[in-house]
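Protein chains: 2
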Amino acid sequence: MENRVSDLFGIKYPLIQAGMVWASGWRLAAAVSNAGGLGLLGAGSMYPDVLREQIRKCKAATDKPFGVNVPILYADIEKHIAIILEEKVPIVFTSAGNPKTWTPVLKDAGIKVVHVVSSSKFAREETTTMVLVPLVKAAVDIPVIAAGGIATGRQMLAAMVLGADGVQIGSRFVASEEASSHTLFKEAVVKAQEGDTHLMMKEVVPVRLLKNKFYEDVKAAEQRCASKEELIQLLGRGRAKKGMFEGNMVEGELEIGQVSASINKIMPAGEIVAEIFNEYLAAKAELKNL
Amino acid sequence: MENRVSDLFGIKYPLIQAGMVWASGWRLAAAVSNAGGLGLLGAGSMYPDVLREQIRKCKAATDKPFGVNVPILYADIEKHIAIILEEKVPIVFTSAGNPKTWTPVLKDAGIKVVHVVSSSKFAREETTTMVLVPLVKAAVDIPVIAAGGIATGRQMLAAMVLGADGVQIGSRFVASEEASSHTLFKEAVVKAQEGDTHLMMKEVVPVRLLKNKFYEDVKAAEQRCASKEELIQLLGRGRAKKGMFEGNMVEGELEIGQVSASINKIMPAGEIVAEIFNEYLAAKAELKNL
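Just so you know, the sequences run in chain order A and B. Okay, so the first sequence: first residue is 369 according to this note's numbering, each after it adds one. Okay, so the second sequence: first residue is 369 according to this note's numbering, each after it adds one.
Heads up, some of the hints might be wrong.
When chains are identical, the list treats them as one kind, so a pair holds in a single copy or across two.
[As the list claims (entries may be wrong)] Below are the DSS-like pairs computed for lysine-lysine, each with C-alpha atoms no more than 27 Å apart in a straight line:
hint: 1; residue 1: K596; residue 2: K652
hint: 2; residue 1: K505; residue 2: K554
hint: 3; residue 1: K652; residue 2: K468
hint: 4; residue 1: K505; residue 2: K587
hint: 5; residue 1: K652; residue 2: K380
hint: 6; residue 1: K570; residue 2: K587
hint: 7; residue 1: K425; residue 2: K475
hint: 8; residue 1: K579; residue 2: K505
hint: 9; residue 1: K596; residue 2: K447
hint: 10; residue 1: K587; residue 2: K427
hint: 11; residue 1: K570; residue 2: K505
hint: 12; residue 1: K656; residue 2: K579
hint: 13; residue 1: K633; residue 2: K505
hint: 14; residue 1: K559; residue 2: K505
hint: 15; residue 1: K505; residue 2: K652
hint: 16; residue 1: K579; residue 2: K596
It is worth saying that the hints were derived from the structure and are not from the lab.
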C-alpha cells in the first residue's frame, strides 16, 4: 500500500504500533515491523541502558525499519537522544513536551521525526479523533497520523476517510503476545467493556484508567477536591509499573484506551497487523455499496 | 441513495437533522426534509400547544417525511405523545429516558420510532463515536444512526465506514439560517475554535458548553466541589433559553458540540444538506486512492 506515511518510513502498511510504557519492548516492535507495520519502542519506561539494550535486540530481530517513542519531558532525555544517535535509530516519535529543541538535532542525523500533538492540551480538552483529525489535516500539509479509538481495520479506514495518512494503534497491541505488559493486565484489557475506563487526573497528568481500586482512590480524591499535590502524592512513584508490568491489578495504575471495549483476544502482534489490514481492505471494498 | 435508513424513513439521504432545544423549529425541519434529509422538531423546549403549532406549520411547509424528537423525561410527555398521535406525525425520535412505555404506543399507531441510546450513561462515560458505533453495530441488527462529531460529508462517510446506516447532525444545523437559535449564538458557534467547548455537569445533566461566563461559574462551582443541589440551583430555570434562544451570551447556557470548531459559516439548511452529501460522494470517490 503506497501512501505518504508508508513511503516516508519505507514500510508496507501505514500502521504504527504506539511506543507505550511497560508494553512496547523489542519483541513487540520487531514483530510489528516484521509484519509490515512500524514498531516503536516505548522509551518512557526505560532507563538509558535499558533503551540501548532494547534497540540492539530490536535491530537483531528485524531488518525492517523501527522507531523509538521518546517523551520529551523525560528526565534523562539527553541520554536517550545520545543513545538514539549512537545506535542510528532510523525513526523517532517525540511526545509529551515541546519538540523544538530535539527535532533539529535528530533531523541533522538523518532521522525521520514525528511529533505527537495529542498533547496535554488536547488531552485535557478531550477532542475526539472524529473532530481532531480533520482540524489537524486542514492546518498542515505534512502527513497526518491519527491515534485514539483505533483497533480495527474499519476504524483505520474511518481515520483515513477523515484525512489521516496513517494510524497509530496502542491498546490493541497491549493485548498482543509480544507486549511486555503483565499477562493479568492483558487479560483485563480483553475483558474490558464499554464504560470500564475513565479519563482521570486531568489537572495533573490526564490519563485514561481501567477501573480498579487505584482508580477508585483517585476518583474519591477528585470528588473531595484533593489538591494537585495530594493527587501527585497519591499517584506516587512506580504506580504504572506496578500495574501494567508487575500485574498488581488492585493498587497499580492501568492505562488503556476506551477502545479496549472492542478488543476480545490476545493475539500475536503480526497477526494483529495482518487482521487489521485485511479488514481495512474488506471495509474499503464494501464501501462501494454505501 | 438507497440504504436501510433512507428506505425506512422514505427519504433521499440517510442524514437526519437533530431535534435540538431552541434550534429545531418547523423552519429548520421543513428545510432539511425538503432538501432530502430528515428534519426533526425538538419538542424538548416546546410547551404542548407550541409543539402542535410547530407540527402543523411543518406539515404545511413540506410534503416530505419529518419527525419529532421527544425527551422521555419531559414533564408533559403524555400531552406531547397525544399531540403526536393526533397530528399523525410519521416519525418519532425518543431520547433522554427509558423508551419502554411509549415505543409500543407509538408503533401501534404506525409511527416509526428511533431511540437515542447516547443516553446519560454514555454521555457520562464519554464514549466517542469512533468507539461507540462499532460496539452498537455489533450488538444489534436494527439500523444504526451515528451522532456526535459529524458536521461534514467526510465525517458522515467515516461514520458509515464504522458501521452506521445513517447519521444525525446537530451543531452544523444550529449554524443554519432556518434554526430558531439566536443570531448571536449562531455567530458564536461559527467562531468557536478547538478547545472552546467543554463537557460539564457530568453528575447532574452532562452537557457540552461553549465557554462563557456561565460556563466559568459552573467550572468554579465544580472546582470547589459544589453539591449536586448547588449545581442545580446555579443552573436555575430558563438558562438554556436565555442563552441559545434569547442570545444572552454572558449568563446563558450555550449547548454545542466540539465539532463546532470545524463549522465556519451560517448557511441555508438545504445547502448544508447538499454540501454534506456532495462531500460524502467526493470522499467516497477519493477512497479508491487510499
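To see whether the hints hold, each was checked on the structure:
1. K596 <-> K652: The answer is neither: 47 Å in one copy and 47 Å across copies each exceed 27 Å.
2. K505 <-> K554: Close across copies (25 Å), not inside one copy (33 Å); limit 27 Å.
3. K652 <-> K468: neither (38 Å within a copy, 37 Å between copies)
4. K505 <-> K587: Close neither inside one copy (35 Å) nor across copies (31 Å); limit 27 Å.
5. K652 <-> K380: For K652 and K380, the Cα distance is within 27 Å both inside one copy (17 Å) and across copies (23 Å).
6. K570 <-> K587: Result: close both inside a copy and across copies, 11 Å intra and 14 Å inter.
7. K425 <-> K475: Answer is within; shortest intra-copy Cα gap is 24 Å, inter-copy 64 Å.
8. K579 <-> K505: between (34 Å within a copy, 25 Å between copies)
9. K596 <-> K447: neither (29 Å within a copy, 50 Å between copies)
10. K587 <-> K427: Neither. Shortest intra-copy (42 Å) and inter-copy (50 Å) distances fail the 27 Å Cα cut-off.
11. K570 <-> K505: Result: close within a single copy only, 26 Å intra versus 31 Å inter.
12. K656 <-> K579: Result: close neither inside a copy nor across copies, 40 Å intra and 41 Å inter.
13. K633 <-> K505: between (33 Å within a copy, 19 Å between copies)
14. K559 <-> K505: between (34 Å within a copy, 19 Å between copies)
15. K505 <-> K652: both (21 Å within a copy, 17 Å between copies)
16. K579 <-> K596: Both. Shortest intra-copy (21 Å) and inter-copy (23 Å) distances satisfy the 27 Å Cα cut-off.
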